[in-house]
Structure formats: C-alpha cells, structure tokens
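Asker: If you want the building blocks of each chain, they are given just below.
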Amino acid sequence: KQEVTQIPAALSVPEGENLVLNCSFTDSAIYNLQWFRQDPGKGLTSLLLIQSSQREQTSGRLNASLDKSSGRSTLYIAASQPGDSATYLCAVSPSQKLVFGQGTRLTINP
Amino acid sequence: EAEVAQSPRYKITEKSQAVAFWCDPISGHATLYWYRQILGQGPELLVQFQDESVVDDSQLPKDRFSAERLKGVDSTLKIQPAELGDSAMYLCASSQRDEQYFGPGTRLTVT
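Chains as they are written, first to last, in this note's numbering: chain H, -12 to 97; chain E, 573 to 683.
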C-alpha cells in the first residue's frame, strides 16, 4: 500500500528566506506526483505536476524535483513571502487516484 | 478560467439525518473524484468516476454513502444516515488527463 509522508508537519520562517519542503513515498511505481497548496478552510490549488519520466518542474518561484528511485520529492520556494503561508500537500498517483501526505503547514513571518 | 463548482459550501446536520453534496466538474473532464479530508489530514479518495461509470469505490462506506453521475457530467454524493464521524471537508476534483483540479469543498458538521 502506497504511503506518503511529509516532514516537517509545520515550518515557520522569516520573509525572504528560501525553503525546502520534503515528501517521501514508499512505492516508486507512480505515474506522477503533484504538489498542492491549501489555504485554511479552502479547497486545493494545484501548484506543480511532475510526470514519472521527469525530474523537475518549475513555476515562478517554485521548483519541484522528483527522485523515483529513492521515493522522494522536494518543493523549493524561493524568496518566501507572507502570502505563501498555507498548507502544502504532495500527492502521488499509483493509478489515476491520488494518495496524499498529511501536509506541511508553512508560516512566513513578515 | 474554468473551475470545479461545489455546493453547498457549508452544511450542518444532525446525526441520523440525510445530507447531499453536489459537484459540477470542469467542462470536458471525463474523470470525477470525491475525496474526504478530516481536519489535519490529507484527502482520501471515496469514489472515482470515468464518465458515468464508477472506477473505484473501494473506500466508500457503502452502507451509508452513495454517489452517482447519471449523465457523466455533474455528480451527487449522499450520506444517509449521517454520523458524528462524518464531519469533514468533502472535496470534488476533475481531470482530463493527469492533473487533478479541485473545487472549494463542502464543510460538513454533524451534531
């Protein structure tokens, strides 16, 4: 059974710092990995999708990497801003459905 | 930009009552998903549709939950009777290929 773990569960950093969020998964047989952002009480916003044949994707200040062999992905956020404060979830797709981690709650302090 | 629509946004119901949630996916998306998210956890898949057919409902508590997508477009998720442990966010998502797009969710509170 695929399991996804995100460490740390919570992270607080000052504005302007670069930071890395981690995601690990137990079964490397995945089709893709997706990173989402969730604001309190809201739905999920897709940030980046990495196909299993890719090693990274970039969007603006965000860069996500994927290492299937080690079962790891990282989300790099450059020059963090208070508006980046949210919960970040990673999810892997063993088939079409997504298996989620529990998320990292990120707080950016002005 | 096209979005997944869900209603209601919030629902408070007493235990043993029936409750229903509605989802309208992005136009043209053949695959529709219902997830349940308990506070502080990641979402978990309840049911997946491909057009009007159920592809995966292995985690759906079928004694009280039902889902339908009669014309392969919008979908309804029903709970009857609701239990206290059903309090959660119910999220609908749709996809055309690999990337899933989520709606705003329905926050259910069972009292």
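Hints in this document: simulated from the structure, not taken from any laboratory.
Do not take every clue at face value.
[As the list claims (entries may be wrong)] In silico SDA-like pairs for lysine to any residue, Cα to Cα no more than 20 Å straight-line:
(1) H/29 with E/630
(2) H/29 with E/653
(3) H/55 with H/-3
(4) H/29 with E/660
(5) E/634 with E/612
(6) H/29 with H/-3
[To be verified] Pulled a few chain E residues facing chain H out of the computed Cβ check, cut under 8 Å:
(7) 594
(8) 601
(9) 603
(10) 623
(11) 625
(12) 628
(13) 632
(14) 633
(15) 637
(16) 639
(17) 660
(18) 670
(19) 674
(20) 680
All values reported here derive from a predicted model rather than from experimental measurement.
The C-beta atom is built at its ideal place from N, Cα and C for all residues, glycine as well.
Asker: Each hint: holds or not?
Answerer: A quick look at each hint next to the structure:
1. Restraint check: the Cα-Cα separation between residue 29 of chain H and residue 630 of chain E comes to about 26 Å, which exceeds 20 Å; the hinted pair is violated.
2. Of the supplied pair hints, the one linking residue 29 of chain H and residue 653 of chain E is violated, its CA atoms being roughly 26 Å apart against a limit of 20 Å.
3. Restraint check: the Cα-Cα separation between residue 55 of chain H and residue -3 of chain H comes to about 24 Å, which exceeds 20 Å; the hinted pair is violated.
4. A threshold of 20 Å between alpha carbons decides the hint, and for residue 29 of chain H with residue 660 of chain E the separation of about 12 Å falls inside it, so the pair holds.
5. In summary, the hint linking residue 634 of chain E to residue 612 of chain E is not supported, as the alpha carbons are separated by about 25 Å, beyond the 20 Å threshold.
6. Distance check on the hinted pair: residue 29 of chain H and residue -3 of chain H sit about 18 Å apart at the alpha-carbon level, within 20 Å; holds.
7. Hint on residue 594 of chain E is violated. Least Cβ distance to chain H is approximately 15 Å, over the 8 Å limit.
8. The criterion of a C-beta within 8 Å of any C-beta in chain H is not met by residue 601 of chain E, whose closest approach is roughly 12 Å, and the hint is violated.
9. The interface hint given for residue 603 of chain E is met, as the beta carbon of that residue sits about 6 Å from the closest beta carbon of chain H, less than 8 Å.
10. Evaluation of the residue 623 of chain E hint against chain H yields a violated restraint, the C-beta minimum of about 13 Å exceeding 8 Å.
11. Of the supplied interface hints, the one on residue 625 of chain E is violated, with its beta-carbon coming no nearer than about 13 Å to a beta-carbon of chain H, more than 8 Å.
12. Nearest Cβ of chain H to the Cβ of residue 628 of chain E: about 6 Å, under the 8 Å cut. The hint holds.
13. Interface hint status for residue 632 of chain E: violated, as the beta-carbon distance to the closest one in chain H is roughly 12 Å, over 8 Å.
14. At its closest, the beta carbon of residue 633 of chain E sits 17 Å from a beta carbon of chain H; the interface hint therefore is violated under the 8 Å criterion.
15. For residue 637 of chain E, the shortest C-beta to C-beta distance to chain H is roughly 16 Å, which exceeds 8 Å, and the interface hint is violated.
16. With its C-beta approaching chain H no nearer than about 14 Å, residue 639 of chain E sits outside the 8 Å limit, and its interface hint is violated.
17. Hint on residue 660 of chain E is violated. Least Cβ distance to chain H is approximately 12 Å, over the 8 Å limit.
18. Interface restraint check: residue 670 of chain E against chain H, minimum CB-CB distance 5 Å, threshold 8 Å, status holds.
19. Because the beta carbon of residue 674 of chain E sits about 4 Å from the nearest beta carbon in chain H, less than 8 Å, this interface hint is met.
20. With a cut of 8 Å, the hint placing residue 680 of chain E at the interface with chain H is violated, because the nearest CB-to-CB distance is about 13 Å.
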